[in-house]
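Visitor: Spelled out, the chains give:
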Amino acid sequence: MKAADVAAAALRRKIILGELGEGASFPRESELLAELGVSKPTLRQAIRILESESLVTVRRGAHGGIHVSVPRVETAAGYAATVLAYRQASTADLFEAAAALEGPCIAMLARSRTADQLRRLREAVQAEAASIDDPQRLVLLESDFHRLLIECAGNSTLRVLCEMVRVVIDEATSRYMSATRRSEHGPAVAAGARTHRRVVDLIDRRDAAAAETLWRKHIRETAAQVRGGSAAEQVVDIRG
Amino acid sequence: MARSSSVVTVPKASALIAADLRRRIVSGDLEPGQTLPSETTLMAEFGVSRPTLREAFRVLEAESILTVVRGPRGGARVLEPDGSMAARYTGTLLQYQGTPLSDVYRARTELEVSAVGMIAGIRAKAPVRTLEELVRHGDAIIDDERAFADYSLRFHIGVVESGGSTTLAVLGRMLFDILDTHNAQFIASHPPGFERAANKRAQAAYRKLVKLLQNGEGTAAQRHWRRHLEAVEKFMVGRSDTPLVEVLS
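Chains as they are written, first to last, in the working numbering: chain U, 1 to 240; chain S, 1 to 249.
Everything labelled a hint here was simulated from the structure, so no lab data went into it. Backbone N, C-alpha and C define an ideal beta-carbon position, used for all residues, glycine too. Keep in mind that a hint or two might mislead.
Only some residues are given here: those of chain U computed to face chain S with a beta carbon under 7 angstroms [stated by the list, open to error]:
| id | residue |
| --- | --- |
| 1 | R13 |
| 2 | S54 |
| 3 | P71 |
| 4 | V83 |
| 5 | L84 |
| 6 | A85 |
| 7 | Y86 |
| 8 | R87 |
| 9 | E96 |
| 10 | A97 |
| 11 | A100 |
| 12 | T157 |
| 13 | L158 |
| 14 | L161 |
To give an idea of the interface, some chain S residues facing chain U are shown, with a C-beta separation under 8 angstroms as derived from the structure [stated by the list, open to error]:
| id | residue |
| --- | --- |
| 15 | V26 |
| 16 | E63 |
| 17 | I65 |
| 18 | P81 |
| 19 | L94 |
| 20 | D103 |
| 21 | E110 |
| 22 | L111 |
| 23 | S114 |
| 24 | L168 |
| 25 | V245 |
| 26 | S249 |
Whole structure, please, built from the sequences with the hints as guidance.
Guide: Rendered as structure tokens:
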């Protein structure tokens with residue numbers, strides 16, 4: 001490894017371990033030079049590496065400075081979306097991946113759920129029921145419910161992958177919502193909320209197989225609905 | 001000094017230009033290897049100043065879809081959005097979240113078992129034939145640990161890609177990048193020959209997976225693959241819950 005890579009790795013580690021938090025100013029150049037024992041050009045190259053990894057923002061000029069941007073799932077999702085758009089992944093493909101990743105999470109959750117998790121899931125389902133006549137609001141609650149399920153499943157890697165897919169699916173869903181009339185999307189969104197209640201019942205009973213099957217079916221049905229209602233079949237870059 | 005505490009410093013114009021160029025790259029209007037028109041031309045086209053244009057370039061450079069080469073034959077050149085940046089960033093994110101290595105192995109197991117289910121659901125024979133082709137390469141290199149690791153990686157990628165979802169394949173590659181790094185360290189930190197028995201078991205497991213899929217036994221194939229991947233996790237991670245940061249950083 002080159003000296004700049006080694007220095008970048010040391011600085012990256014500080015960010016990963018939380019020694020430098022979100023928005024924190026980087027230590028003074030002279031301090032870093034002493035700590036890392038590298039030359040000025042090497043340090044600048046190392047900072048440039050971190051900048052290219054979106055871990056710091058460098059503002060040039062009089063009020064400039066180097067600030068930490070801690071890794072965020074939204075940023076990761078943005079990178080993934082660029083690749084998916086380039087590979088021309090379709091909306092159908094996206095939903096298929098959602099089923100492949102979320103399905104196992106539901107099964108894991110059904111096997112390991114705690115009373116506290118069950119209470120949170122019930123509350124979320126009740127909030128959905130209370131908004132059954134407001135599709136615009138309900139669709140947001142439903143997306144939150146997906147996230148809550150995945151969070152409760154307890155695998156952080158799958159959670160990050162699910163979130164990458166979910167961010168792009170949310171985009172597709174919002175296009176679908178604005179491209180269709182309420183009379184068309186209203187019943188579909190309400191049906192989604194009822195399925196959420198049923199899946200919580202299955203998780204309550206610890207019926208992992210049935211919960212996973214229902215969840216995969218739910219995602220397939222949502223996919224058919226969103227694809228039917230919108231001409232936008234291709235994944236669109238979310239930062240467009 | 002409230003301004004300097006804000007992290008969002010990109011002027012709006014440069015963000016818009018970055019978005020415009022990004023769209024041209026992902027849609028294929030601008031192809032990998034292609035050099036963008038000169039800065040002067042782009043400044044005229046977008047009606048912006050040089051610093052604004054360069055700020056846009058920096059955004060795209062950070063995303064690894066553009067590289068600015070300095071010098072007389074330089075210019076802004078388009079890079080293929082190949083997912084390596086997404087993979088690297090995701091690796092950093094997982095480390096930052098304090099994810100243990102075993103968590104990544106478990107996620108991989110679930111992702112691949114899902115992919116096996118997808119392969120079994122496809123009527124066409126081509127995906128299984130691809131895996132069958134791959135498996136043939138394994139026997140000859142069973143004693144070469146690094147070569148077998150590369151071959152193993154190709155087989156796992158093959159499983160995920162054969163499922164037919166581009167999205168799942170892109171996400172799977174992110175995990176494989178991490179696991180491959182760990183595997184290289186594992187090989188380096190054990191005596192030669194340590195992985196031999198495990199490699200033999202892996203090769204037998206690949207063969208069995210192909211056979212079950214050929215016979216249309218989807219459920220058995222999924223069960224078999226889960227067992228194999230759980231055994232791999234046990235061998236590679238053991239009981240320790242090493243945080244990912246110790247592997248990658």
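Visitor: Evaluate each hint against the coordinates.
Guide: Evaluated hints:
no.: 1; hint: R13; verdict: holds, 5 angstroms
no.: 2; hint: S54; verdict: holds, 5 angstroms
no.: 3; hint: P71; verdict: holds, 4 angstroms
no.: 4; hint: V83; verdict: holds, 4 angstroms
no.: 5; hint: L84; verdict: holds, 6 angstroms
no.: 6; hint: A85; verdict: holds, 4 angstroms
no.: 7; hint: Y86; verdict: holds, 4 angstroms
no.: 8; hint: R87; verdict: holds, 5 angstroms
no.: 9; hint: E96; verdict: holds, 5 angstroms
no.: 10; hint: A97; verdict: holds, 4 angstroms
no.: 11; hint: A100; verdict: holds, 4 angstroms
no.: 12; hint: T157; verdict: holds, 4 angstroms
no.: 13; hint: L158; verdict: holds, 5 angstroms
no.: 14; hint: L161; verdict: holds, 5 angstroms
no.: 15; hint: V26; verdict: holds, 4 angstroms
no.: 16; hint: E63; verdict: holds, 6 angstroms
no.: 17; hint: I65; verdict: holds, 7 angstroms
no.: 18; hint: P81; verdict: holds, 4 angstroms
no.: 19; hint: L94; verdict: holds, 6 angstroms
no.: 20; hint: D103; verdict: holds, 5 angstroms
no.: 21; hint: E110; verdict: holds, 4 angstroms
no.: 22; hint: L111; verdict: holds, 7 angstroms
no.: 23; hint: S114; verdict: holds, 4 angstroms
no.: 24; hint: L168; verdict: holds, 4 angstroms
no.: 25; hint: V245; verdict: holds, 5 angstroms
no.: 26; hint: S249; verdict: holds, 5 angstroms
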